[in-house]
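S.K.: Starting from the given sequences, assemble the full structure and let the hints guide the process.
Protein chains in written order, with our numbering: chain A, 1 to 298; chain C, 1 to 228.
One or more of the hints may lead you astray.
Stated by the list, open to error - Chain C is nowhere near these chain A residues, computed Cβ spacing over 12 Å in every case:
1. Thr52
2. Lys173
3. Thr179
4. Lys192
5. Asp194
6. Asp198
7. Gly201
8. Arg207
9. Gly236
10. Ser240
11. Ile297
Unchecked claim - Interface residues of chain C toward chain A, partial, derived using beta-carbon atoms under 10 Å:
12. Arg13
13. Tyr78
14. Phe79
15. Val178
16. Ile182
17. Pro191
Calculated directly from the structure, the hints in this document are not laboratory data. Computed from a predicted model, the values in this text were never measured in an experiment. For glycine and all other residues, C-beta sits at the position ideal for the given N, C-alpha and C.
Next come the chains, spelled out residue by residue.
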Amino acid sequence: MKKTKKLLVLLLSLALLATAFTACKSNNGTTDGQGTAPTAEGTKTPAGTARTLNEIKESGKVIIGVFSDKKPFGYVDENGTYQGYDVYFGNRIAKDLGVEVEYVAVDPASRVEYLETAKVDIILANFTVTKERAEKVDFALPYMKVALGVVSPDSALITAPEQLNGKTLIIAKGTTAETYFTENYPDVKLLKFDQYADAYGALLDGRGDAFSTDNTEVLAWAIENKGFTVGIESLGSLDSIAPAVQKGNTELLTWLNDEIKALGEEKFFHANYAETLAPVYGDAASPDNLVVEGGVIE
Amino acid sequence: MQDLGINLFFQGRNFVRILEGLWVTVSISLIAVIISIFLGIILGMVMNLKNPVTKAVTRIYLEFIRIMPQLVLLFLVYFGVTRTFHINLSGEVSAIIVFTMWGTAEMGDLVRGALSSIPKHQYESGKAIGLTGFQIYLYIIIPQTVRRLIPLAINLVTRMIKTTSLIVLIGVVEVVKVGQQIIEASRLTTPTASLWIYGFIFFLYFIVCYPISRLSAKLEKRWVSMGG
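M.R.: As structure tokens, this is what we get:
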């Protein structure tokens, strides 16, 4: 009896130790990432530090992280080639650098990690610029902008946010739409859902008068669902979408900014829109509501 | 008939891509399984030693791997190793390392359990008829252990194959990810795509895992009839 008790205590303490050990380890992981990045740059360690412009050119290949399942921004077509608005831009970057391009499929949650560990040179994955992210990575000039959009049935189309006063607006929890309408239009009744699918379902069932979230999202949805139109295409504060590089990789960042400015002169992103987004959005959206030329948001 | 989901398989290289994805899944899990079985047997024998130091060390290792979700381990190896040691591992290599670490720990514990479940009198009877320690292991202990181990080990192998669907999160494009890419690329033209693609992937996992579990059932049966 005594022996088993002792053994139990030993096992428990070992398990505790193991967890403490893992906790420490993961903690170290994150602090290290921020702490050692500059020193690693100084000593030119091979892995974990972003490659310079020259290193990319010499290797003959630029590695770009994109989405592989977010049509029409970054996806893989039936022949296994990467396509989309982000990829169109990525191909151009490679062409202007004079190198080949290798795409790496990234997920929303790990985009920052990929840059911090230099697994990719550039992230071009519909990356919205936020203050929190800007502390960890360096954003170049924006090449796209998103705002809120409001979709409603054709029979009772909402074309201005004031029309929503006293009516029910469906939103997804935790989105910018929730904060925007709570702050600016307190008279709008909000019906909140956790999942996008539920929110769309509610709109289809007529449980609300309209639904609001990112305009890129509602525009694509309205095309799939006949009888619904995006009455308000651009509302609230504009969020910009920009390429990102590892923090401190100023050389590549400057090159990207110059590239975006130069491309603005030839209206490259409008051509990109026509090629990749227009087939999806059709006439439902105007390119000027989404595209940013030369890194300048009007 | 235009948007019938089954047509998706014949568009472009879709069908080949799914099979390529399946190959990634199968090859990574097979390599990890083979190494884990080998290392796991050794680990299980070490765990069975009466030495308190090896007992503690192996126990910590096992608990560490068991407590951590595989996803966290994947991130630790894929991103953490690059950060801390500045060694750049590809997604595939990281996946094999993590699945080997996990498989070895689980397999080791199974081997330990199977070994210690052999009653003491089996060893003693062996000694009584004059077998050496090595012979006792070869003719008495190992055959019985393997028999007890097979169903448990097979369960572990199929679990490992299925868990490889996590590796997509470290950028390895395997069968489930290829499926998601196809579904997303044809969302507007073929709304029923997900049903067809996921159905097919289910079928693929089934053809990979079913023969393995059939094999184990067969082996078990044969050994029982041989009188175990």
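S.K.: Over 12 Å from every CB of chain C: does Asp194/A meet that, or does the non-interface label fail?
M.R.: holds, 20 Å
S.K.: For Gly236/A, which was marked as not at the interface, is the minimum beta-carbon distance to chain C over 12 Å?
M.R.: holds, 26 Å
S.K.: Given Arg13/C was flagged as interface, is its beta-carbon under 10 Å from a beta-carbon of chain A?
M.R.: Holds, about 5 Å.
S.K.: Mind verifying the non-interface call on Ser240/A? Its CB should be farther than 12 Å from each CB in chain C.
M.R.: Given that every Cβ of chain C is farther than 12 Å from that of Ser240/A, nearest at about 24 Å, it holds.
S.K.: Taking 12 Å as the cut and beta carbons as the points, is Lys192/A off the interface with chain C?
M.R.: holds, 25 Å
S.K.: Was Asp198/A rightly flagged as not at the interface, with every chain C Cβ beyond 12 Å?
M.R.: Fine: 17 Å to the nearest Cβ keeps Asp198/A off the interface.
S.K.: Should the interface hint for Val178/C be scored as holding, given a Cβ-Cβ cut-off of 10 Å against chain A?
M.R.: holds, 8 Å
S.K.: Once the shortest beta carbon distance from Ile182/C to chain A is found, is it less than 10 Å?
M.R.: holds, 7 Å
S.K.: Given a cut of 10 Å on the nearest C-beta pair, is the interface hint for Phe79/C held or broken against chain A?
M.R.: holds, 5 Å
S.K.: Can the hint on Pro191/C be confirmed by a CB-to-CB distance to chain A that is less than 10 Å?
M.R.: holds, 8 Å
S.K.: Is Thr52/A truly not at the interface, in the sense that its beta carbon sits beyond 12 Å from all beta carbons of chain C?
M.R.: holds, 16 Å
S.K.: When you look at the beta carbon of Ile297/A, is every beta carbon of chain C farther off than 12 Å?
M.R.: The claim stands: Ile297/A keeps its Cβ more than 12 Å from every Cβ of chain C (closest is about 28 Å).
In this structure, none of the earlier numbered hints is contradicted; all agree with it.
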